[in-house]
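As you go down the protein sequences, you meet chains G and X in turn. Counting from 79, one number per residue, gives the positions in the first sequence under my numbering. Counting from 79, one number per residue, gives the positions in the second sequence under my numbering.
No lab work stands behind these hints, which were simulated from the structure alone. What you are looking at is a predicted structure, and each value in this text was computed from that prediction instead of being measured. Every residue gets a Cβ at the ideal spot worked out from N, C-alpha and C, and that includes glycine. Check before you lean on any hint, since a few could be wrong.
Ranges of calculated distance between the beta carbons of each label pair, as one might list FRET restraints [to be verified]:
hint, chain 1, residue 1, chain 2, residue 2, range
1, X, SER117, G, ASP139, 23 to 33 Å
2, X, LYS141, G, ASP139, 35 to 45 Å
3, G, ARG149, X, THR85, 19 to 29 Å
4, G, GLN102, X, ASP106, 15 to 25 Å
What the simulated footprint calls covered on chain G by chain X, stretch by stretch (three residues with Cβ under 8 Å from a Cβ of chain X suffice, anywhere in the stretch; the number is not a length) [what the hints assert, rightly or not]:
hint, region
5, 119 to 127
6, 144 to 158
Calculated Cβ distances over 12 Å to all of chain X for the following chain G residues [to be verified]:
hint, residue
7, MET79
8, SER80
9, ARG86
10, LYS87
11, ALA90
12, ARG94
13, ALA112
14, ALA115
15, GLU116
16, SER132
17, THR134
18, ALA161
19, ARG163
20, PRO164
21, GLU165
Number of protein chains: 2
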Amino acid sequence: MSSDWFTRKKPAQLERRIEFSDYQQTRDFLERAAELAESEGYYPDMGFGRTYVSITLCPKDDKGEVNEDMRRYAGLLDELVLAARPEGRTVD
Amino acid sequence: MSSDWFTRKKPAQLERRIEFSDYQQTRDFLERAAELAESEGYYPDMGFGRTYVSITLCPKDDKGEVNEDMRRYAGLLDELVLAARPEGRTVD
Numbered sequence: 079m080s081s082d083w084f085t086r087k088k089p090a091q092l093e094r095r096i097e098f099s100d101y102q103q104t105r106d107f108l109e110r111a112a113e114l115a116e117s118e119g120y121y122p123d124m125g126f127g128r129t130y131v132s133i134t135l136c137p138k139d140d141k142g143e144v145n146e147d148m149r150r151y152a153g154l155l156d157e158l159v160l161a162a163r164p165e166g167r168t169v170d
Numbered sequence: 079m080s081s082d083w084f085t086r087k088k089p090a091q092l093e094r095r096i097e098f099s100d101y102q103q104t105r106d107f108l109e110r111a112a113e114l115a116e117s118e119g120y121y122p123d124m125g126f127g128r129t130y131v132s133i134t135l136c137p138k139d140d141k142g143e144v145n146e147d148m149r150r151y152a153g154l155l156d157e158l159v160l161a162a163r164p165e166g167r168t169v170d
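Same shape as in the complex, but just chain G (with noise of 0.2 Å):
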C-alpha cells in the first residue's frame, strides 16, 4: 500500500484522493477498479469527476480496524492507478 492513503480511525476506513490528467485515464481507472471489485467480490465507496476519483475502504464487518485485507486491497488499487496513469505517481 503506498503512502498516499489516509488511515482513518473513527470510522475506520482507508481513503485515497487520485487525479487524473483526463477523463479517459479516470473512466480507464474506473474500469480497472470494478474489474478488480468483481474479481475480489469487495466493492469501495467511490466517488468520482471528470479528473478524479476518491476512495473509501471500509472494514468488511463495519465495525472493524484497519486491517491487513484493507492494506492489500488498496494496494491493488495503486497498482491500478499506474496502469492507468502511466505518466507517473506525480499527479498527485
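Could you slot chain X onto chain G? The hints should help.
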C-alpha cells in the same frame, strides 16, 4: 426531469440517489452515464458503491442557479436509469 431529484439552492445543485439491484446494473448505468458525459461535455460528480449511484449536477459557471440545462441533463440521466434498471422505478 423526474421527481426523484432534489433541488438544492445553496449551493445550487440537483441531487439524486439511485438504488440498483446488483453490481451489474450499477456498472451498466455508470457506463451509460459516462457515454452521456462525453457526448454532452459535462461530467457530473458521482458516488457509487455496489448497488447505488448518487449524482450531483452543478451549474457550469459554479455560481449560478439551477437552470434548464441542468434539468435537461437530469432528464437524460432519468432515461438511463430506466434503461439500466428495467424492472421499473419502484426500487428507490
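For each hint, the structure was consulted:
1. SER117(X) / ASP139(G): 23 to 33 Å: At 42 Å between Cβs, range violated.
2. LYS141(X) / ASP139(G): 35 to 45 Å: Taking Cβ atoms as reference, LYS141(X) and ASP139(G) lie about 44 Å apart, which means the hint holds.
3. ARG149(G) / THR85(X): 19 to 29 Å: 41 Å, violated
4. GLN102(G) / ASP106(X): 15 to 25 Å: The hinted range 15 to 25 Å holds for GLN102(G) and ASP106(X), with Cβ atoms some 20 Å apart.
5. 119 to 127: holds (count 7)
6. 144 to 158: violated (count 0)
7. MET79: 21 Å, holds
8. SER80: Holds: least Cβ distance 23 Å, greater than 12 Å.
9. ARG86: Answer for ARG86(G): holds, closest chain X Cβ roughly 17 Å.
10. LYS87: 21 Å, holds
11. ALA90: Since the minimum Cβ distance to chain X is about 17 Å, ALA90(G) lies beyond 12 Å and the statement holds.
12. ARG94: Holds, because the least Cβ-Cβ distance between ARG94(G) and chain X comes to about 15 Å, which exceeds 12 Å.
13. ALA112: Since the minimum Cβ distance to chain X is about 6 Å, ALA112(G) lies within 12 Å and the statement is violated.
14. ALA115: The claim is violated: ALA115(G) sits with its nearest Cβ about 7 Å from chain X, within 12 Å.
15. GLU116: Check fails; 7 Å does not lie beyond 12 Å.
16. SER132: SER132(G) is in fact no farther than 12 Å from some Cβ atom of chain X, at 8 Å.
17. THR134: At about 9 Å from chain X, THR134(G) fails to clear the 12 Å cut-off, so the statement is violated.
18. ALA161: 18 Å, holds
19. ARG163: Correct as stated: the minimum Cβ-Cβ distance to chain X is 17 Å, above 12 Å.
20. PRO164: Per Cβ check, PRO164(G) is outside 12 Å of chain X; nearest 21 Å; holds.
21. GLU165: Nearest chain X Cβ is 21 Å from GLU165(G), so the label holds.
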